Amino acid sequence: MTLPQVPFDDRGLAYGDGVFETVLLRNGKPVLWAYHVARLVKGCQRLGIPVPCQEAIDATWQGNATAPLEVLKLIVTRGSGGRGYALPDTPTPRLLSRRTSFAPMVERWKSGVTVRICRIRLAHQPALAGIKHLNRLENVMARQEWQDVSIAEGLLADAQGQLIEATSMNLFWQQHGELFTPPLDTCGVAGTLRAALIAEGAVREANLTLEALPAVERAWVANSVQGVWPVATLLSEDADCLQRWPINQPDKLQTQAHRLLGYASTYTASPDLFC
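First residue of the sequence shown? That's 6 in my numbering, and the numbers climb one at a time after it.
Hints in this document: simulated from the structure, not taken from any laboratory.
Model, not experiment: these values are computed from the prediction.
Do not rely on the hints blindly, as some may be mistaken.
[Claimed, not checked] With a Cα cut of at most 20 Å, we get these calculated EDC-like pairs of lysine to aspartate or glutamate:
| hint | residue 1 | residue 2 |
| --- | --- | --- |
| 1 | Lys78 | Asp63 |
| 2 | Lys34 | Glu60 |
| 3 | Lys34 | Glu75 |
| 4 | Lys47 | Glu60 |
| 5 | Lys137 | Asp15 |
| 6 | Lys78 | Asp15 |
| 7 | Lys257 | Glu222 |
| 8 | Lys47 | Asp190 |
| 9 | Lys257 | Glu216 |
| 10 | Lys78 | Glu60 |
| 11 | Lys34 | Asp63 |
| 12 | Lys257 | Glu183 |
| 13 | Lys115 | Asp256 |
| 14 | Lys137 | Asp153 |
| 15 | Lys115 | Asp245 |
Generate coordinates for the entire structure from the input sequences, incorporating the hints supplied.
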């Protein structure tokens, strides 16, 4: 497959002036597609980028499946033009996409993961909060904080110590038997799986500070591609152990989320995983 070349003057390349989506395809069909399209449209509208037509967006996934599971990455930039930060008079958005085969990390569903708290703090910018814009330098810098392959994710808080998200996943926790996720009205990415779980009433928003995190009953990180990873071990910024949580099955959050994603409830690498 020949991929389109991005010109040197593309504003997405130059300024991060655009949005993107990462979509799970099951047998060639997008999972949680309505949520992905809604977030893409919201992001374009927030940035003032003309929204590509629905036919063009749908064409990014239509065609023969190359594997039972694939990941579609879809990027919309404002296109080229404008002088410096000034916008072009008539922007012509550029829509790019790529499909790759995919397999989830099933062992992490079963055994849970180790996560650490990141030193970097997320800045507040309500105008960009929730959307998946192309400027993700805070997340890139946070991911540089560890190289230990036993650490699966890093948790990000804002300057006030309120937990927001993981570097590429949303955060969930249980307290008094209820499931929660942080509000994302000042920063962070509102994941599509998170949105679907909130819409179903399975999860609700609540604040959680860094200091209070070790005292919660359970914790998870999740997104719409990898599914739900229970957190087994929580590490500090200095990689000291702060908490260990038991990994119990059945897992209520994982069961509800994986039903939405079409993942089997039995955690094996058998073909049933992809039905």
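Task: Violations among the numbered hints, reported as their numbers in ascending order - done: Violated hints: 9, 14, 15; rest satisfied.
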